[in-house]
Every structure is written in C-alpha cells, then in structure tokens.
Amino acid sequence: MKELSLNILDVTENSVKAGAALTQIRLEQTAEALTITIEDDGCGMDAETVKRVTDPFYTTRTTRSVGLGLPLLRLEAEQTGGTLTVSSRHEAAHPTNHGTIVQAVFCTNHIDCPPLGDMVATMVTLIQGHPERDFLFTHTRPDGPPVELDTRQLRQILEDVPLDGYEVLQWIQGYLREAYAAEDAEE
Amino acid sequence: MTVRELIQQTQWPTAALPAADREITGVYMGDLLSWVMGRAKESDAWITIMSNNNIVAVATLADTACIILAEGVTPDPGVAALAEQKGVNILCSPVGAYETARLLSEYL
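These protein sequences, in sequence, are chains A and B. Residue numbers for the first sequence follow my numbering, beginning at 1 and rising by one. Residue numbers for the second sequence follow my numbering, beginning at 1 and rising by one.
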C-alpha cells in the first residue's frame with residue numbers, strides 16, 4: 001500500500017474481527033527505524049495458522065481464495081531491510097490470556113520505505129467504525145513528544161456518551177492533530 | 001491474441017505456462033502490488049519487475065491472462081512451481097517495461 005497507515009488499518013480490522021475488546025497500536029520511531037506493533041486480546045490463532053498467515057494463499061475469507069494483508073505488509077517491511085513477526089495465543093489453549101501480536105519493523109532510511117500516512121484519520125476511522133471497542137494508540141518519535149490516545153480513558157470521562165458521536169470524533173481528531181503539532185519541549 | 005500466440009511472436013522464455021490458451025485483451029503495468037490488485041483487469045497481460053510469490057496471488061485475484069516479468073527479471077525460487085499449481089502464466093521479457101508494452105501494443 002502507498003501508506004503504512006492503511007496497513008495499520010487493515011491489521012487492526014483483523015483484530016476487531018477476532019473479537020478483540022482492546023487493541024493496542026504502538027509506533028516507535030527512531031532516526032533509523034519505525035516499529036509498528038499491533039497487539040490485541042482477540043481469540044488468537046493456533047500455531048499452524050500463525051505459520052500460514054504470511055502465505056498469500058491462506059485467508060480467513062470464504063469469498064475468495066487469496067488474502068494479501070499480512071503478505072504485503074511483510075513484503076513492504078522486508079523491502080526496506082526490516083522484518084515482520086506474528087505471534088499468537090489461541091483461546092483454546094490460553095482461555096484467560098489470548099490474543100495476537102503483529103510487529104513490523106521498517107528501516108525508514110531505505111528508499112523503498114513507504115510514508116506513514118495520516119495516523120489521525122486512521123484512528124478516527126477505527127473509533128468511528130468500532131465505537132464499542134477500545135484502542136490504545138501510542139506514537140513515540142524523535143522529533144516531538146509522544147502522541148497517546150486511550151479510548152478507555154475517554155469512556156470514563158464521557159460516561160454514557162458514545163465514542164462515535166460527531167462532537168467526540170471531532171474532539172479526538174483535534175486532540176491528535178494538536179499532539180502531532182507539538183514541538184519537543186526539550187529542544 | 002492468446003498467451004501462446006504472444007510467445008510465438010516474441011520468443012520470450014516462460015517460467016510457468018499452465019494456461020497457454022488464455023486470451024489477452026489488455027495490458028496493465030505496475031509494481032506496487034496492493035495498487036495492482038484493485039486496478040489490473042481480467043485477461044490483462046500484467047507487466048511488472050516484482051518476482052516474489054505474492055505476484056501469483058495478485059494475478060489470481062485480478063484474474064490476469066499472464067504475468068510478464070520485464071527487464072530480464074526471473075521469478076524467485078518456488079514462484080514458478082506455485083504459478084503452475086495456481087494456473088498462472090509467467091513470461092520473462094528481456095527488455096524494459098516500456099519496450100515490453102510497446103511490443104504488446106503491436107501484437108494485440
């Protein structure tokens with residue numbers, strides 16, 4: 001995909017489909033690398049499935065025989081000299097502590113590294129699409145203070161107000177845009 | 001024209017030819033696989049320099065007539081066997097993507 005944020009959206013949608021109550025999206029950016037970690041508490045996968053998820057001819061879809069979400073993310077990461085790792089604990093074997101972790105490392109100085117894209121729009125899209133689920137988003141970066149959003153905290157403050165209300169989504173968008181615009185105080 | 005006829009015209013080597021009688025009705029050119037997925041049309045000849053097993057998946061999904069690897073690129077190990085298994089034709093053009101497309105436009 002032309003932007004990594006679209007991959008993040010794609011992987012997180014899989015977490016939602018796996019029944020995750022909380023999905024953590026962590027971006028750790030240094031001068032040389034961007035590590036994207038998506039960790040959910042969904043139903044998880046067994047070891048055999050984990051081995052096959054980066055095979056393009058494996059898919060959970062029943063409407064077609066090809067699934068390219070993780071295969072393409074892996075290709076994009078490896079094209080920059082990075083890696084993709086997937087680990088999972090299936091609910092059948094781990095009834096209280098299950099879920100999946102997808103981690104992609106991109107070497108950001110490589111010419112084939114795609115741009116990150118608009119993470120603010122990505123988070124707003126996720127919350128709007130799944131207001132009943134929780135997302136913890138953190139983005140640490142070399143050129144500014146970390147950007148953080150925890151929908152569990154929002155829920156506590158808002159009490160019964162749904163997260164997909166127009167004003168709430170507008171507020172989230174403004175809050176994230178402001179956080180991204182903030183200069184590092186130490187500089 | 002069919003893939004077989006194209007090969008007869010061009011003498012391009014093939015890496016996999018499980019469906020030689022597929023009709024080619026158009027041409028698509030591109031290397032960003034997620035982009036190609038949504039844009040290449042059924043029965044297109046798809047010109048690319050990407051050579052990993054994901055191209056077989058994209059060709060299956062878009063139902064292209066064949067993949068043409070340009071600039072003398074050859075498929076990665078295992079890709080030709082996968083393509084045979086999935087019914088995807090792979091041709092190897094020794095010339096660049098533009099020249100490959102230009103030749104196709106002459107024959108189609």
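If you're looking for bench data, these hints aren't it; they were derived computationally from the structure. C-beta: ideal position from N, C-alpha, C; glycine also. One or more hints might be untrue.
Below, a list of computed lysine to any residue pairs in the SDA-like style, where the Cα atoms sit at most 25 Å apart [to be verified]: (1) A:2 <-> B:71; (2) A:2 <-> B:105; (3) A:2 <-> B:106; (4) B:41 <-> B:96; (5) A:2 <-> B:53.
Every beta carbon over 12 Å from chain B, so not counted as near; a handful from chain A, in silico [what the hints assert, rightly or not]: (6) 22; (7) 31; (8) 56; (9) 67; (10) 72; (11) 75; (12) 78; (13) 79; (14) 114; (15) 132; (16) 144; (17) 145; (18) 153.
- Item | Non-conforming hints, listed in increasing numerical order | 2, 3, 8, 9, 10, 11, 12, 13 and 14
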